[in-house]
Each structure stands twice: as C-alpha cells, then as structure tokens.
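Colleague: Sequence:
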Amino acid sequence: MKRLLLAVFLFTLIGQTEGQNTVGLPLVINYNKLDFHGGAQTWDMAQDRRGMMYFANNEGLMSFDGTYWKIYPLPNGTIVRSITLVDDRIYVGGQGELGYFQPDSTGALRYNSLVGLLPAGQRLFADIWEVYILGESVFFRATNGIFELRNNAFLVYPPQTEWQKMCLAGHRLIAQDKRDGLFYYQGNQWIPLNNRKLLGQENMAGITPIKGDSFLVTTLQRGVYLLRNDTLLNTLGGLKSLTTWISGSARLDDQTLVLATTSEGCVLVDMSGRIAQVVSSKEGLQSDHINCLFLDKDKNIWVGLDNGISMVAYSKAIRYIRPNRDYELYGYSTRIFRGKLYIATSDGVYSVPVPSGSGDLGVERGKFDLVPNSRGLSWRLDEVNQHLLLGHDPGIFDIGKDGAELVSQDASWLFLPMSPVLPSRYLLAGTYTGIKLLEYGQDKFTDLGYPAGCNVSFRFLAIDNDSTVWTSNPYQGIYRLQLSRDKRTYNCRLYTDKDGLPSPLNDFVFRIKNRIVFATVKGVYEFNPSRGKFVPSPLFYPLFGTMDIRYLNEDQEGNIWFCSGKKIGVVHETSNAGSQAPVVTWFPELTGQILSGFESIYPYNPQNIFIASEKGIIHLNYAEYIKDTSTIALLLSTVRAYGRPDSTLFDGYDQSETPHLPSHRNAYHFEFSSPGYGYRQTIEYSYKLEGYDADWSLWTAKSEKDYTNLPDGEYTFEVKAHDNLGNTSESVRYTFVIDPPFYKTIWAYILYGILLLSAGYALKKWHEHRLLSQKRKYEAKQRQIVTLHKLEMENVEKELIRLQNKQLENEIFLKKKELADANMHLLEQEDAFARVKNEINKLYQRTDDRDEVRTALQLLNSIEKNNENWDQFAAYFDQISDDFLKKLNARFPSLSRSDLKLCTYLRLNLSTKEIAKIMNISVRGVEMSRYRIRRKFNIGKKQSLSAFLNSMLQDSPQ
Numbered sequence: 001m002k003r004l005l006l007a008v009f010l011f012t013l014i015g016q017t018e019g020q021n022t023v024g025l026p027l028v029i030n031y032n033k034l035d036f037h038g039g040a041q042t043w044d045m046a047q048d049r050r051g052m053m054y055f056a057n058n059e060g061l062m063s064f065d066g067t068y069w070k071i072y073p074l075p076n077g078t079i080v081r082s083i084t085l086v087d088d089r090i091y092v093g094g095q096g097e098l099g100y101f102q103p104d105s106t107g108a109l110r111y112n113s114l115v116g117l118l119p120a121g122q123r124l125f126a127d128i129w130e131v132y133i134l135g136e137s138v139f140f141r142a143t144n145g146i147f148e149l150r151n152n153a154f155l156v157y158p159p160q161t162e163w164q165k166m167c168l169a170g171h172r173l174i175a176q177d178k179r180d181g182l183f184y185y186q187g188n189q190w191i192p193l194n195n196r197k198l199l200g201q202e203n204m205a206g207i208t209p210i211k212g213d214s215f216l217v218t219t220l221q222r223g224v225y226l227l228r229n230d231t232l233l234n235t236l237g238g239l240k241s242l243t244t245w246i247s248g249s250a251r252l253d254d255q256t257l258v259l260a261t262t263s264e265g266c267v268l269v270d271m272s273g274r275i276a277q278v279v280s281s282k283e284g285l286q287s288d289h290i291n292c293l294f295l296d297k298d299k300n301i302w303v304g305l306d307n308g309i310s311m312v313a314y315s316k317a318i319r320y321i322r323p324n325r326d327y328e329l330y331g332y333s334t335r336i337f338r339g340k341l342y343i344a345t346s347d348g349v350y351s352v353p354v355p356s357g358s359g360d361l362g363v364e365r366g367k368f369d370l371v372p373n374s375r376g377l378s379w380r381l382d383e384v385n386q387h388l389l390l391g392h393d394p395g396i397f398d399i400g401k402d403g404a405e406l407v408s409q410d411a412s413w414l415f416l417p418m419s420p421v422l423p424s425r426y427l428l429a430g431t432y433t434g435i436k437l438l439e440y441g442q443d444k445f446t447d448l449g450y451p452a453g454c455n456v457s458f459r460f461l462a463i464d465n466d467s468t469v470w471t472s473n474p475y476q477g478i479y480r481l482q483l484s485r486d487k488r489t490y491n492c493r494l495y496t497d498k499d500g501l502p503s504p505l506n507d508f509v510f511r512i513k514n515r516i517v518f519a520t521v522k523g524v525y526e527f528n529p530s531r532g533k534f535v536p537s538p539l540f541y542p543l544f545g546t547m548d549i550r551y552l553n554e555d556q557e558g559n560i561w562f563c564s565g566k567k568i569g570v571v572h573e574t575s576n577a578g579s580q581a582p583v584v585t586w587f588p589e590l591t592g593q594i595l596s597g598f599e600s601i602y603p604y605n606p607q608n609i610f611i612a613s614e615k616g617i618i619h620l621n622y623a624e625y626i627k628d629t630s631t632i633a634l635l636l637s638t639v640r641a642y643g644r645p646d647s648t649l650f651d652g653y654d655q656s657e658t659p660h661l662p663s664h665r666n667a668y669h670f671e672f673s674s675p676g677y678g679y680r681q682t683i684e685y686s687y688k689l690e691g692y693d694a695d696w697s698l699w700t701a702k703s704e705k706d707y708t709n710l711p712d713g714e715y716t717f718e719v720k721a722h723d724n725l726g727n728t729s730e731s732v733r734y735t736f737v738i739d740p741p742f743y744k745t746i747w748a749y750i751l752y753g754i755l756l757l758s759a760g761y762a763l764k765k766w767h768e769h770r771l772l773s774q775k776r777k778y779e780a781k782q783r784q785i786v787t788l789h790k791l792e793m794e795n796v797e798k799e800l801i802r803l804q805n806k807q808l809e810n811e812i813f814l815k816k817k818e819l820a821d822a823n824m825h826l827l828e829q830e831d832a833f834a835r836v837k838n839e840i841n842k843l844y845q846r847t848d849d850r851d852e853v854r855t856a857l858q859l860l861n862s863i864e865k866n867n868e869n870w871d872q873f874a875a876y877f878d879q880i881s882d883d884f885l886k887k888l889n890a891r892f893p894s895l896s897r898s899d900l901k902l903c904t905y906l907r908l909n910l911s912t913k914e915i916a917k918i919m920n921i922s923v924r925g926v927e928m929s930r931y932r933i934r935r936k937f938n939i940g941k942k943q944s945l946s947a948f949l950n951s952m953l954q955d956s957p958q
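Numbering (this note's numbering), first residue to last: 1 to 958.
Simulated from the structure, these hints should not be mistaken for laboratory data. Keep in mind it's a predicted model, so treat the numbers as computed, not measured. All C-beta atoms in this analysis are idealised placements derived from N, C-alpha and C, irrespective of residue type, glycine included. There's no promise every hint is true.
As the list claims (entries may be wrong) - Pairwise CB distance ranges (calculated):
| id | residue 1 | residue 2 | range |
| --- | --- | --- | --- |
| 1 | Val737 | Ala759 | 26 to 34 angstroms |
| 2 | Thr629 | Asp253 | 16 to 24 angstroms |
| 3 | Lys513 | Leu377 | 26 to 34 angstroms |
| 4 | Gln201 | Thr78 | 26 to 34 angstroms |
Unchecked claim - Below, simulated DMTMM-like cross-link-like pairs (lysine to aspartate or glutamate); rule was C-alpha separation at most 25 angstroms, straight line:
| id | residue 1 | residue 2 |
| --- | --- | --- |
| 5 | Lys282 | Glu614 |
| 6 | Lys297 | Asp48 |
| 7 | Lys688 | Glu704 |
| 8 | Lys211 | Asp253 |
| 9 | Lys886 | Glu927 |
| 10 | Lys211 | Asp270 |
Sequences are here, hints too, so could you generate the full structure?
Modeller: Shown next as structure tokens:
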C-alpha cells in the first residue's frame with residue numbers, strides 16, 4: 001500500500017516545491033557547448049564499464065572522461081538521439097541513421113552504419129528515439145517502426161498507428177502505440193499489457209523500478225502509474241494538480257527517486273512521498289528544462305538540457321548552504337544555538353530550525369529566515385555564557401528568540417571570555433579601533449567602554465594561562481596586551497620580524513592544544529618567554545614545516561582544522577602499527593572556495609563541519625567523507641606522436657597492438673584522467689616511462705605529460721592515480737617502440753664491422769708504409785741530388801728537343817716552299833717541252849718525215865719521260881702535307897683533277913697569276929675555277945677559300 005500511495009503524495013507536492021529544499025544543496029557542475037564544443041542540446045546519456053560518459057548530442061556522439069571531451073559525428077552530420085552500450089560497441093540512433101561505434105586498432109571510435117541491413121522499403125525513417133539491448137537483440141525505435149537487430153539481420157515491427165515511446169522495465173521491453181497503448185515484447189511479437197489504453201493519448205516518459213516486479217510509469221503530463229507484472233494500474237484517480245511535465249525518472253537509492261521535469265529542474269522524492277530536494281536554476285542548473293536524465297555509477301545525476309549538460313554531485317559528504325536563494329551572499333561565520341543554525345553573512349544573520357539529535361544537518365529540510373534587526377555586514381558569531389553574540393558592522397548584538405538586541409554601537413570582529421570558567425564575568429571584544437570590555441551580569445551584557453591602550457583594529461584574540469592577551473593585526477604584526485587589575489588600562493607591545501617572526505604581515509593568533517600559537521607565512525610559531533622571541537612551534541612545525549598557515553581551529557576530538565593559502569585541510573591522530581602518527585587530509589575539491597582573508601571553520605561535530613565561503617557556507621560531513629574507500633578509476637585518454645604530420649596512436653580504448661615508429665617520431669604526448677566526476681578535484685597522478693624514467697614522478701593534479709627527444713627502444717608509459725584519502729588506482733600501461741635509425745640497424749652494424757676491419761687493415765698498412773718511408777728517407781735524400789740533376793738534364797734535353805722540333809718544322813716549311821718552286825719550274829719546263837714538241841711535230845709533218853726532225857722529236861719524248869708527272873708530284877705532296885689531297889678527295893669526291901691541282905696550289909699559297917701560269921690558263925680561268933670549287937665546298941663569299949682549305953686540314957681527323 002505504501003508503494004501505491006507514493007504516486008499520490010509524489011505529485012501533489014511537485015507544485016509546492018518552493019521552500020522544501022534541504023539545508024545543504026549538492027554541488028552542481030555545468031558544462032556548456034564552449035566546454036565540449038558540441039551542440040547545445042543533449043538527448044540521451046550512457047556510461048561504460050570503465051566509467052566513460054557518452055552523450056547523444058546535436059552534433060554527434062560525445063565522450064567525457066572527467067577531463068577531456070571528444071566528439072564523433074555521424075557520417076551525414078545529423079543529430080544523435082539515443083545511445084546504448086554493449087561490450088565494446090556503442091549503438092546509436094539519429095536522424096535517418098542507425099548503427100554503432102566501435103574502437104579500431106588504435107583505440108579510436110569508428111562508425112559503422114546498419115541502414116544497409118534494413119529491408120529496402122524500411123530505410124526511410126525520421127529519428128531513432130530509443131535504443132535498447134534485450135538478450136541478443138538490439139531494438140531501435142522510430143515512429144514508423146521498431147527495428148530488431150539479431151544475427152546481423154533486421155526484423156521490422158510496424159505500429160498500429162505510431163510508436164511513441166519504448167522503455168526497458170527490468171528484463172522486459174515496453175513500447176507505446178499512440179492509439180492502442182502499451183505492449184511488451186516476447187517471442188518476436190508485441191503483446192498488449194492489461195489496461196494497455198489506460199494512458200490514453202498521454203505519452204509515456206519513462207519506467208523506473210520500485211521493488212521486485214513493480215515499476216513506476218511516468219508520463220509527460222498526467223502523472224504516474226504503477227506497472228505490476230503485465231498490468232498497468234491507475235494510482236492517481238484522475239489527479240489534475242500537476243504543474244510541470246516529467247521528461248524522465250531514475251531511482252537514486254532504495255528510498256529516493258529522481259524526476260526530470262521540463263520547467264522545475266530535478267525533483268528528488270523519497271518513498272514516503274516527501275520531496276527531499278529540488279535542484280533547479282536557483283540551485284545552479286543552467287536550465288530548468290531537462291531533456292534526459294541519467295545516474296552514473298557514483299549516483300551523480302546527469303541531466304541533458306537545451307543549453308548544455310549539468311551534473312549534480314549528489315554526495316552526502318559535501319553540500320552548499322545558501323541562506324538566500326535569490327542571490328549569493330558571503331558566509332562569514334556559523335553557529336548552532338538552541339535548535340537553530342545561524343549563519344552570519346554579508347547581508348545579515350540567517351537562521352533555520354534544525355531537529356535536535358539529528359545527524360547530518362545538510363540533508364535536513366528547512367527554509368532560512370533573516371534574524372530581525374540583523375541586516376548588514378555580519379562578521380562573527382560566538383557563544384558566550386549561553387548567549388549568541390554577533391560581531392556586526394553596526395555594533396555588538398545579542399541574538400535571542402525575538403531577534404538581535406544591540407549591546408554596543410561599536411563595530412566588532414569577535415569576542416573573548418576573560419575566564420575559562422563559565423559564565424565569565426568579563427569578556428573582550430576585538431573592534432575596529434581596539435579592544436572593548438564587556439561585563440556580564442543578570443543574564444545580559446553591559447558595555448564598559450574601551451580600556452586605555454592601543455588604537456588598533458584587532459581581528460584575532462587569544463588568552464594564555466597567565467591571563468596575557470595576544471592579538472594580531474595582519475598588516476602590522478603580533479601584539480601582547482597586559483591588562484591592569486581594574487581592566488581599565490593595558491600595556492601594548494608590538495612584535496615584528498625583528499623579534500623572530502618571519503614577517504610582520506599575515507600573522508594570526510590562535511589557542512590550540514592549550515597553547516598560544518601564531519600562524520605565519522612560514523609555518524606555526526610560539527613565543528619563547530626566556531628568549532623574548534618567536535620560535536618555530538616544536539609541536540606544529542614538524543607537521544606544517546614552512547607552509548603558509550592562515551587559520552587554525554581545534555574540534556572536540558582534537559583534530560586541527562587549518563587553512564593554507566586557498567586550501568583547507570585537517571590534522572587528525574591515527575593509529576599506525578601501534579603508534580600514534582598525525583595524518584593530514586586535504587580537501588582539494590574545496591580549494592579556492594574558502595573565504596580568503598576571513599577564513600572560518602566551525603567543526604560542530606564530525607558530521608557537521610561548516611566552512612566560510614564566498615557562496616554561503618560549505619557543509620562537510622567529515623565522517624561520511626573519510627568513509628570513501630572506493631577504487632579510483634583511471635583512463636588513458638590519448639597518446640599522440642609529434643612529427644610531420646602529428647598522429648594519434650591511441651584514442652582511449654584497449655591497446656590491441658604495439659606501434660613501431662621511425663626514429664624521427666621521438667616526441668610523445670599522453671593524456672589521462674579519472675572518471676570520478678563528483679570528486680575529480682581530489683585526484684592526483686603519478687607516472688613514469690619505463691626505459692626512460694628512473695622512478696615514478698611526484699603526485700600532481702596535471703593530467704597530461706610530454707616526452708621529447710626519446711632515443712630508440714621499447715617504452716612503456718605507466719600512470720596511476722590516488723585521491724586525498726589515500727585510495728589508489730591500478731596503473732594503466734601503454735607500450736610503444738621507437739625503431740632505431742638506419743645507422744643502428746643490423747646491416748649498419750655489419751657495415752661498421754667491415755669498416756672497422758678495413759680501418760684496422762688500413763692502419764696496419766699505414767704503419768708499414770710509415771716504417772718503409774722512414775727506411776727510405778735517407779736513401780731518398782741521397783738520391784735527391786742525383787734526381788734533381790737528372791731533372792735538370794731532362795729539362796735541358798726537352799728544351800733541345802723543342803728547338804730541334806722547331807728547326808725541323810722550319811725545314812719542312814722551307815722544303816714545302818722549295819717543292820712548290822720546283823714544281824712550278826717543272827711545270828713550266830713541261831709546258832715548254834709540250835710547246836716545243838708540238839712545234840716540232842708540226843714541222844715533222846711539213847718536212848715529210850725527215851730523219852733529222854724525227855730524231856729531234858724522239859729526243860723530246862725521251863726528255864718528257866724523264867720528268868715526273870703530276871701523279872708523282874701529288875703523291876710526294878701528300879707525304880709532306882698529311883695526305884691533304886686524299887682527305888680532300890675523300891670529303892669532296894666531285895672535285896676534278898684540275899680542281900685538285902688548283903686546291904694544291906692554293907694550299908701552297910700561290911697567287912692567282914702564278915696558278916694561271918702553271919696551269920696554262922688565263923687569270924679569268926683560275927677565278928672561274930675558284931668559283932666552281934666554292935660552290936662545291938658550299939662556302940660563302942666572305943670566307944677565304946685558302947683559309948677554308950687550311951681549316952679543313954686542321955679539322956680532319958688524324
């Protein structure tokens with residue numbers, strides 16, 4: 001019956017969410033499209049076994065590992081509407097597209113479309129709005145059909161009218177037809193549910209398990225229904241009081257449901273029907289309109305919005321108290337007093353009732369109210385003599401049940417009882433202009449005015465066991481105040497760096513472990529009375545060293561809460577192997593969130609630690625926080641090799657092969673992250689590169705590492721993570737090989753061996769040669785004079801030969817000249833003989849064969865035989881002229897005998913007249929012959945025929 005009443009209580013309260021939130025609000029982390037570089041709208045979400053988050057986005061499938069976003073668009077660039085995971089496959093549905101992403105050998109996701117497997121008539125559809133895995137089948141829901149993928153083939157289930165929604169209820173798949181209602185899948189068919197038309201025309205939003213075989217069916221507008229076995233039950237009785245649409249639901253734990261709405265953000269409801277929490281834009285969401293809802297493994301609430309993605313870190317350990325939900329206020333101080341939680345803020349004191357005996361006050365519901373008469377800048381709340389005193393900018397106030405009552409009009413910082421035994425009659429107030437004395441009596445405080453002393457602003461006060469008051473001004477140093485017996489005056493002494501303090505600036509005084517200690521920029525100091533100087537604290541200096549300490553406070557268990565810079569931590573005692581050893585726990589997720597300059601930590605009990613912040617008050621459930629012993633997950637996101645071009649070797653999934661890269665690719669970039677989305681600020685990393693680093697690196701929050709100029713070899717990059725509580729992840733490893741350069745290959749070493757042997761042999765020969773050179777050195781010197789003499793003689797001989805050759809050349813030239821002259825005379829004689837013979841022959845014919853004439857004619861014939869003819873002359877001329885006529889005849893075979901003669905005479909440099917006389921022709925005949933020869937030689941008018949003959953002779957091959 002309790003389960004059935006849930007829905008009735010549930011939605012009668014949704015319209016009344018205002019003022020129903022818990023005191024502490026969960027952390028909201030927003031991501032917009034500038035962070036993930038995708039589209040503004042997100043439609044579905046999922047998480048794999050490693051913790052990686054996936055988002056169906058307007059611009060594709062997005063992944064997020066806690067640090068790095070990646071986007072994988074569909075081939076057609078359309079919207080991804082739905083996703084689901086099985087093994088290493090990510091099935092997606094989009095606009096006109098369905099398929100799956102799967103990592104390749106480098107760990108990069110690659111898309112594989114399945115549209116081609118659909119029957120030809122079913123390949124046109126609008127959007128795939130849901131994808132679910134049931135058994136060995138994958139179901140894709142579009143409005144015009146549900147497509148079942150099994151054994152690499154599709155079955156298509158058309159709707160009666162239109163498929164509106166598909167949800168997984170345990171091990172059953174439920175689908176809604178627009179007209180015929182709800183069906184469940186069984187045995188390759190869709191079977192109607194009992195009361196299947198109970199929803200009418202209202203769209204189903206989601207199905208959430210409640211207990212056993214019972215499920216809560218949420219609808220967009222008409223509320224919720226109960227699904228039990230095969231029957232849909234109406235649990236609302238026609239309730240019409242809903243003020244918002246429900247877009248999704250999920251079960252946070254056994255007692256809490258999360259509802260996603262379209263106008264009020266997230267609504268968390270417990271099983272009794274009470275709203276436990278509302279997280280909307282007032283609480284930090286980017287938008288109140290939620291498209292989809294998802295719970296990750298750590299119960300963080302992810303919501304996909306129209307303008308980004310938000311994550312609600314619904315952790316019970318850290319929450320944020322915002323006294324005024326309309327605007328941010330600085331939270332300066334906190335106190336729990338008489339059943340109320342009071343917070344001093346930058347705009348007054350706010351209070352909220354808290355149940356007595358409750359544990360974690362951050363999860364209690366309540367609404368803050370402004371304490372009457374407290375508006376203004378409120379610095380400090382202190383409980384003194386069972387009164388709650390307020391250090392306020394307008395003055396000192398005593399807060400009672402009717403509001404804040406003015407005690408003094410002097411602005412004050414804090415209050416210090418003069419006696420450790422309560423009630424204390426006197427107390428000091430640190431004000432803007434010194435210390436003020438207050439007296440307590442008859443259950444009220446009386447202002448006794450300012451004791452005579454220093455006119456200094458005192459924000460910190462502490463009293464030691466000798467009733468000496470120590471105070472500090474962060475801009476001047478440490479003051480020691482000694483009051484007179486009547487407390488009307490006091491002595492004031494200022495201590496600075498001249499007295500042992502590291503600096504006169506940023507010194508603060510506290511009473512810790514019954515000792516007066518001083519927090520400085522270089523650790524914690526104490527005052528040594530015997531030396532009259534400040535010295536490092538023997539108790540705290542071993543803990544903090546030279547750390548910059550700004551604030552110290554001790555809780556009831558003896559733990560010391562402190563602030564260092566913008567960080568917060570706690571020192572607590574723990575038993576380690578039978579000995580007590582202090583342990584420091586940091587809270588890195590709170591770094592930068594504390595109120596710098598006005599640090600305040602109120603450790604009420606281990607479940608309720610209140611920390612001053614720029615955005616109200618941070619509530620820390622320390623007992624819950626240190627219980628976290630979860631295993632830290634770690635992902636290696638990317639391995640990239642730098643070079644020409646840069647390339648991604650690994651993109652986030654399991655390494656299937658060891659890459660081998662050339663030697664010039666010796667620079668690598670590694671990215672890693674822990675998918676602890678709600679506590680990622682607490683994660684630090686340590687890494688090493690086996691084969692290069694000698695040891696693990698120091699722990700660092702940096703989630704990337706670069707290596708450059710790596711030598712060749714096999715390397716394994718290994719990284720691990722831990723949190724501030726000491727939980728450590730398993731290490732993640734990635735192996736790669738840089739191949740040696742060519743000069744380090746086996747063939748290069750063989751060559752080096754050959755070269756080495758050759759060099760050794762050459763060295764041996766060099767030594768032998770050197771010895772021989774030394775041996776022959778003296779012999780060479782002995783022969784040097786002889787050699788030089790021989791050289792001189794050779795030079796003389798060469799010069800003589802040169803002169804002889806010159807003389808021979810001259811003689812040959814003269815011989816040629818003589819030959820020409822002789823030839824000319826011979827030719828002249830031959831011509832004369834010919835004329836004489838011709839005349840005698842004529843005379844012989846006229847004398848009738850007279851013996852005397854015949855005898856003379858015979859004598860002439862005899863003389864002609866004794867003269868050399870032209871052929872003999874030509875042969876002799878060729879012998880002394882390098883076969884001039886043979887070469888000329890070979891090159892120009894068309895030359896006649898007369899042409900050859902003319903060329904010979906020209907070669908002998910005879911003039912035209914001389915040639916005419918020798919050839920017994922006219923000068924005109926010689927010129928005509930020269931012209932005829934020019935044409936045969938094919939030379940121009942400007943070129944000399946004699947020069948051509950000389951050049952032809954020189955150009956002819958020898």
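Colleague: Hints the structure violates: just list their numbers, smallest first.
Modeller: Checked against the structure, no hint fails, so every one of them is satisfied.
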